[in-house]
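Model the placement of chain P on the given structure of chain L, informed by the hints.
Going down the list, the protein sequences come from chains L and P. Whatever position you read off the first sequence (first residue = 1), add 152 for the numbering used here. Whatever position you read off the second sequence (first residue = 1), add 152 for the numbering used here.
For the record, the hints were derived by calculation from the structure and aren't laboratory data. Beta carbons: idealized from backbone N, C-alpha and C, even for Gly. It is possible that part of the hints are untrue.
[To be verified] Now the in silico label distances, taken between C-beta atoms and shown as ranges:
| hint | chain 1 | residue 1 | chain 2 | residue 2 | range |
| --- | --- | --- | --- | --- | --- |
| 1 | P | Lys182 | L | Thr275 | 45 to 55 Å |
| 2 | L | Asp219 | P | Lys306 | 41 to 51 Å |
| 3 | P | Gly193 | L | Glu233 | 15 to 25 Å |
| 4 | P | Val263 | L | Ser158 | 38 to 48 Å |
| 5 | P | Lys182 | L | Asp331 | 18 to 28 Å |
| 6 | L | Glu287 | P | Phe308 | 49 to 59 Å |
| 7 | L | Thr195 | P | Gly193 | 11 to 21 Å |
| 8 | L | Asp187 | P | Glu174 | 26 to 36 Å |
| 9 | L | Asp269 | P | Arg289 | 32 to 42 Å |
| 10 | L | Asp232 | P | Gln176 | 34 to 44 Å |
| 11 | P | Phe256 | L | Lys307 | 31 to 41 Å |
[As the list claims (entries may be wrong)] Below, simulated DMTMM-like cross-link-like pairs (lysine to aspartate or glutamate); rule was C-alpha separation at most 25 Å, straight line:
| hint | chain 1 | residue 1 | chain 2 | residue 2 |
| --- | --- | --- | --- | --- |
| 12 | L | Lys191 | P | Asp331 |
| 13 | L | Lys306 | L | Glu348 |
| 14 | L | Lys257 | P | Glu359 |
| 15 | P | Lys191 | L | Glu348 |
| 16 | P | Lys306 | L | Asp177 |
| 17 | L | Lys182 | P | Asp331 |
| 18 | P | Lys257 | L | Glu348 |
| 19 | P | Lys356 | L | Asp284 |
| 20 | P | Lys307 | L | Glu174 |
| 21 | P | Lys186 | L | Glu348 |
2 protein chains.
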Amino acid sequence: MEKKVSQAVIRRLPRYHTHLSELQDMGITKISSKDLGDKMGLTASQVRQDLNCFGGFGQQGYGYPVDGLLDSIGQILKLDEMKSAVIIGAGNLGSAIINNFNFFKNGFRLVAAFDADPNLIGTEISGVPVYDVRELREFCTNNHPDVGVLTMPKKFARETAGILCDCGIRGIWNFTNIDLHLDIDAVPVENVHFAESLMVLSYKIGEKK
Amino acid sequence: MEKKVSQAVIRRLPRYHTHLSELQDMGITKISSKDLGDKMGLTASQVRQDLNCFGGFGQQGYGYPVDGLLDSIGQILKLDEMKSAVIIGAGNLGSAIINNFNFFKNGFRLVAAFDADPNLIGTEISGVPVYDVRELREFCTNNHPDVGVLTMPKKFARETAGILCDCGIRGIWNFTNIDLHLDIDAVPVENVHFAESLMVLSYKIGEKK
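Okay, chain L solo, but in the shape it has when bound (with noise of 0.2 Å):
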């Protein structure tokens, strides 16, 4: 079933995987392509191709099961693999993400922390270790972590990712606003951009006036 789904639906379906969880959230078990095309900005047609890869899901008349299309988007995202994860950098940035956000769910562990401030090293944010970040190469040598989240300055963003594939990184989820694909093509990388929800705000704004 997994081979049938296009790299364009896939980039989609973390979005469809955020809107259902809060749906589950709510208590909601069924929706329509059309309830859920508006929720996300996408039209019925949209979302009835866009998850038409799953089979079997969505009879007319019926809506999709909640639960089951989750539980389906879940397991082509293999989060329910579990990955090991550090995060490079644990100034503002690293610790508001240390501290607030849900790696487990989205099926990752988050083992350590580096950083080249000598008040953070050898402490402990939300029970993670911070280590210094001279320690990254022999630690992921050793421990081989899946993923690196990179929340660093910019400045040291290509060495930091440089260090990593080295080690043998499988991905890096990249907050520094630098662009790396072009100089570690093997690797996956993944970047944030904040920009993205405040033009779309933007917009919003602007029809409502």
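Structure of chain P alone, referenced to chain L:
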């Protein structure tokens, strides 16, 4: 021209803007629907359909002019109309955003920050003054900021959003992971969900195995 752009396309425009900005920064002036689609995880035909709304762009065999398309998208998203913003919560996440996010590039001036921490009140973060959060209502009544950025602990999210709405805020940029939609229908809310990009990374890692 603007009236022809559907809500569904609007929601995707910020992603086009981000990717076209990257191309512009790289000095690329034209791009085909195929190449742009590859970069964004969309099919060439989806790109052509989405950008059709602008008319006049993307003649067969010529590709899209990057600068012209960026300008058009910027106008539709009202990025060219400068708006003011206040940020509530100058802790880890708030400081990280104040220090690193380019509000100006996205059409916003950040005019003030608010916090409850006596150590922060009266200081400046990257030139932005930090005021006592108890002064939020008075400040907003007098200065009419357009947008409120919520980076405070989530337990204060609803109360703060309520104050902002009382004072006529035009939009809320919400980092607290609390769904505010239901409370304040008249004011648009945009939520930043870190999880979605981590889910894409999870998929890409699974794929590489």
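Here's how the hints hold up against the structure:
About 51 Å separates the C-beta atoms of Lys182(P) and Thr275(L), a value consistent with the hinted range of 45 to 55 Å. Our hint of 41 to 51 Å for Asp219(L) and Lys306(P) is violated, since their Cβ atoms are close to 25 Å apart. For the hinted restraint 15 to 25 Å between Gly193(P) and Glu233(L), the CB-CB distance of approximately 22 Å keeps it satisfied. A hinted range of 38 to 48 Å for the beta carbons of Val263(P) and Ser158(L) is consistent with their spacing of about 44 Å.
Look at Lys182(P) against Asp331(L): about 19 Å separates their beta carbons, and that is inside 18 to 28 Å. A hinted range of 49 to 59 Å is violated for the C-beta pair Glu287(L) and Phe308(P), which are about 37 Å apart. As the Cβ distance of Thr195(L) to Gly193(P) is approximately 19 Å, the hint placing it in 11 to 21 Å holds. Between Asp187(L) and Glu174(P) the beta carbons are some 34 Å apart, a value that agrees with the proposed interval 26 to 36 Å.
Checking the proposed 32 to 42 Å range against Asp269(L) and Arg289(P) shows it holds: the Cβ atoms sit about 37 Å from each other. Range check, Asp232(L) to Gln176(P): about 39 Å between beta-carbon atoms, so the 34 to 44 Å window is met. Restraint check, Phe256(P) to Lys307(L): a C-beta distance of roughly 21 Å breaks the suggested window 31 to 41 Å. This hinted pair checks out: Lys191(L) and Asp331(P) have alpha carbons roughly 13 Å apart, not beyond 25 Å.
For the proposed pair Lys306(L) and Glu348(L), the alpha carbon gap of about 20 Å is at most 25 Å, so the pair holds. For the suggested pair Lys257(L) and Glu359(P), the alpha carbons sit about 20 Å apart, so the restraint of at most 25 Å is met. Between Lys191(P) and Glu348(L) the CA atoms are separated by roughly 16 Å; this keeps the pair inside 25 Å, and the hint holds. Under the criterion of a C-alpha separation no larger than 25 Å, the hint pairing Lys306(P) with Asp177(L) is consistent with the structure, at around 17 Å.
Among the hinted pairs, Lys182(L) with Asp331(P) is consistent with the structure: their alpha-carbon atoms are about 20 Å apart, no more than 25 Å. Among the hinted pairs, Lys257(P) with Glu348(L) is consistent with the structure: their alpha-carbon atoms are about 12 Å apart, no more than 25 Å. Of the supplied pair hints, the one linking Lys356(P) and Asp284(L) is violated, its CA atoms being roughly 29 Å apart against a limit of 25 Å. The hinted pair formed by Lys307(P) and Glu174(L) meets the criterion: a straight-line CA distance of about 18 Å does not exceed 25 Å.
Of the supplied pair hints, the one linking Lys186(P) and Glu348(L) holds, its CA atoms being roughly 22 Å apart against a limit of 25 Å.
Against the hints set out earlier in the document, violations occur for numbers 2, 6, 11 and 19.
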